[in-house]
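Protein chains: 2
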Amino acid sequence: MKVGYLGPAATFTHLAVSSCFQNGAEHVAYRTIPECIDAAVAGEVDFAFVPLENALEGSVNLTIDYLIHEQPLPIVGEMTLPIHQHLLVHPSRESAWKELDKIYSHSHAIAQCHKFLHRHFPSVPYEYANSTGAAAEFVSDHPELNIGVIANEMAASTYELKIVKRDIQDYRDNHTRFVILSPDENISFEVNSKLSSRPKTTLMVMLPDDQSGALHRVLSAFSWRNLNLSKIESRPTKTGLGHYFFIIDIEKAFDEVLIPGAMQELEALGCKVKLLGAYQSYQL
Amino acid sequence: MKVGYLGPAATFTHLAVSSCFQNGAEHVAYRTIPECIDAAVAGEVDFAFVPLENALEGSVNLTIDYLIHEQPLPIVGEMTLPIHQHLLVHPSRESAWKELDKIYSHSHAIAQCHKFLHRHFPSVPYEYANSTGAAAEFVSDHPELNIGVIANEMAASTYELKIVKRDIQDYRDNHTRFVILSPDENISFEVNSKLSSRPKTTLMVMLPDDQSGALHRVLSAFSWRNLNLSKIESRPTKTGLGHYFFIIDIEKAFDEVLIPGAMQELEALGCKVKLLGAYQSYQL
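Chains as they are written, first to last, in UniProt numbering: chain A, 1 to 284; chain B, 1 to 284.
Fair warning: there could be bad hints in the mix.
Pairs count within a copy or across copies, as identical chains cannot be separated in the list.
Distance condition first, Cα-Cα at most 25 Å in a straight line; then the derived DMTMM-like pairs of lysine to aspartate or glutamate [said to hold, decoys possible]:
(1) K162 <-> E185
(2) K115 <-> E35
(3) K98 <-> E35
(4) K272 <-> D46
(5) K102 <-> D38
(6) K231 <-> E153
(7) K115 <-> D38
(8) K102 <-> E160
(9) K231 <-> E267
(10) K252 <-> D209
(11) K272 <-> D170
(12) K102 <-> D141
(13) K98 <-> E233
(14) K115 <-> E70
(15) K102 <-> E127
(16) K231 <-> D173
(17) K2 <-> D101
(18) K272 <-> D173
(19) K165 <-> E70
(20) K231 <-> E265
(21) K274 <-> E256
(22) K98 <-> E44
(23) K102 <-> E190
(24) K231 <-> D209
(25) K231 <-> E185
(26) K115 <-> E44
(27) K115 <-> D170
(28) K272 <-> D184
(29) K274 <-> E144
(30) K274 <-> D170
Hint data in this document are derived by calculation from the structure and do not stem from the laboratory.
Based on the provided sequences and hints, a complete structural model is requested.
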């Protein structure tokens, strides 16, 4: 079994893949989220494992938009991971870490530590990398540069960097949700037996144009069936300012009656509705 | 009158400031969105002019989160600008623009041209700058590097760069909304007389914890009053995965009866409600 993930080694996605799958799965790193999803579509890997949402920074727009507009792969599972951000430097720079010239990481990791950076490194510029792992790899390869990187513990050991400040995220309760995508929506796989799980169903709903109150009617269809929504998220349809679609998470397994009933009703109201996945949500 | 904006010169925000205000306003560039907002709070400038939402890429999270969590400045106006992205290079590199080593710009600008880059520069890495203007300035200062920058026409003339490919955004209908913030919510200002305008009211609503269907009840409060919502956007509260607040735009001036009535009702339901601004929305 092959699992593609947003690499390189030791990204948070890699940490999530390693915590989720039983031994025996082969992990294949991709440089970007679209490349990873494309690889699952092309059959190079059985699954694409990519970040979807962080508790502090919100949705990973690239994942949502690529799934909706480019490669509509079903969601076959989800994994939630606690996120701890640390400040890492090259071992040869350990004593001088308070005088960094630059801080390098993924834009979400930098945003999660914005207050810390503002307080401790107010005038140090930062630069964005494709992933925390890629940033750590770069710092490891460039001992001549006095750069700090924000990344996880796995990155410190993989790239032999020193953790000079632990848990620098601005808010304590930091988690990220990752989705597991596969072209085969009925694919079965074994996960780490220590994980707990609960069922979930995710829909995409696009409202009819220019109907005042349409979202209210959409939510009514779920409300009167007692379908609890754990999330509703708006994203632009890319057809003009003010046009949105909605991603709706229902805290319930897909059934034969209630969810299909709500979907049919929404279509009758003129909405475009799509089932993005009915799956188990795992956590440690 | 002094207006702070996300600089340096020739960013899209600068273009919006120049299109919005009458002659006589002094424009002051800031390096980041938080610095620009902080300057308005400190009284260094009368207004902060910052991007809020793009039609392709969605909300500028940094602006929304900074307004909600750090510096609650009232919105006193809004400006919508059509966005045209071009590929620019240093004039000495014009003939070799198809063999770029790197593409540099703001992350939103790169995301807006994702398909173009995927098709024409599939293996060229990109790097993120604080703004399109900062990226153009860097390319102008480094003729020795073979870098392309995605930016606007004003950046091409300000930094003396060559436009080698025009209108490279992936979707035609590309606009960005900018908000005008001021510590004085009753401040009056004159705008370019060619702009059209319409009134708008923006609220922040935080739902009570763990109430299934709470968002449906919130929308009911607007729906039965015939208050048309042009936008509803969810953002994480940063207190844990699954906790959101909502930004709601109402297509109506703040009045004495309907909007205050809806706000009181939401508070009675256990929501936290805040008026972020009642203002005019301008466009060319």
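Here is what the structure says about each hint:
no.	hint	verdict
1	K162 <-> E185	neither (42 Å within a copy, 48 Å between copies)
2	K115 <-> E35	between (32 Å within a copy, 13 Å between copies)
3	K98 <-> E35	between (36 Å within a copy, 22 Å between copies)
4	K272 <-> D46	neither (29 Å within a copy, 45 Å between copies)
5	K102 <-> D38	between (33 Å within a copy, 23 Å between copies)
6	K231 <-> E153	neither (30 Å within a copy, 40 Å between copies)
7	K115 <-> D38	between (36 Å within a copy, 14 Å between copies)
8	K102 <-> E160	within (19 Å within a copy, 28 Å between copies)
9	K231 <-> E267	both (20 Å within a copy, 21 Å between copies)
10	K252 <-> D209	between (29 Å within a copy, 19 Å between copies)
11	K272 <-> D170	between (39 Å within a copy, 23 Å between copies)
12	K102 <-> D141	both (15 Å within a copy, 19 Å between copies)
13	K98 <-> E233	neither (39 Å within a copy, 39 Å between copies)
14	K115 <-> E70	between (35 Å within a copy, 10 Å between copies)
15	K102 <-> E127	both (7 Å within a copy, 15 Å between copies)
16	K231 <-> D173	within (18 Å within a copy, 28 Å between copies)
17	K2 <-> D101	neither (39 Å within a copy, 32 Å between copies)
18	K272 <-> D173	between (35 Å within a copy, 21 Å between copies)
19	K165 <-> E70	between (40 Å within a copy, 24 Å between copies)
20	K231 <-> E265	both (20 Å within a copy, 23 Å between copies)
21	K274 <-> E256	within (16 Å within a copy, 41 Å between copies)
22	K98 <-> E44	neither (44 Å within a copy, 30 Å between copies)
23	K102 <-> E190	neither (42 Å within a copy, 41 Å between copies)
24	K231 <-> D209	both (23 Å within a copy, 13 Å between copies)
25	K231 <-> E185	within (22 Å within a copy, 33 Å between copies)
26	K115 <-> E44	between (41 Å within a copy, 22 Å between copies)
27	K115 <-> D170	within (6 Å within a copy, 34 Å between copies)
28	K272 <-> D184	within (23 Å within a copy, 43 Å between copies)
29	K274 <-> E144	neither (51 Å within a copy, 50 Å between copies)
30	K274 <-> D170	between (36 Å within a copy, 24 Å between copies)
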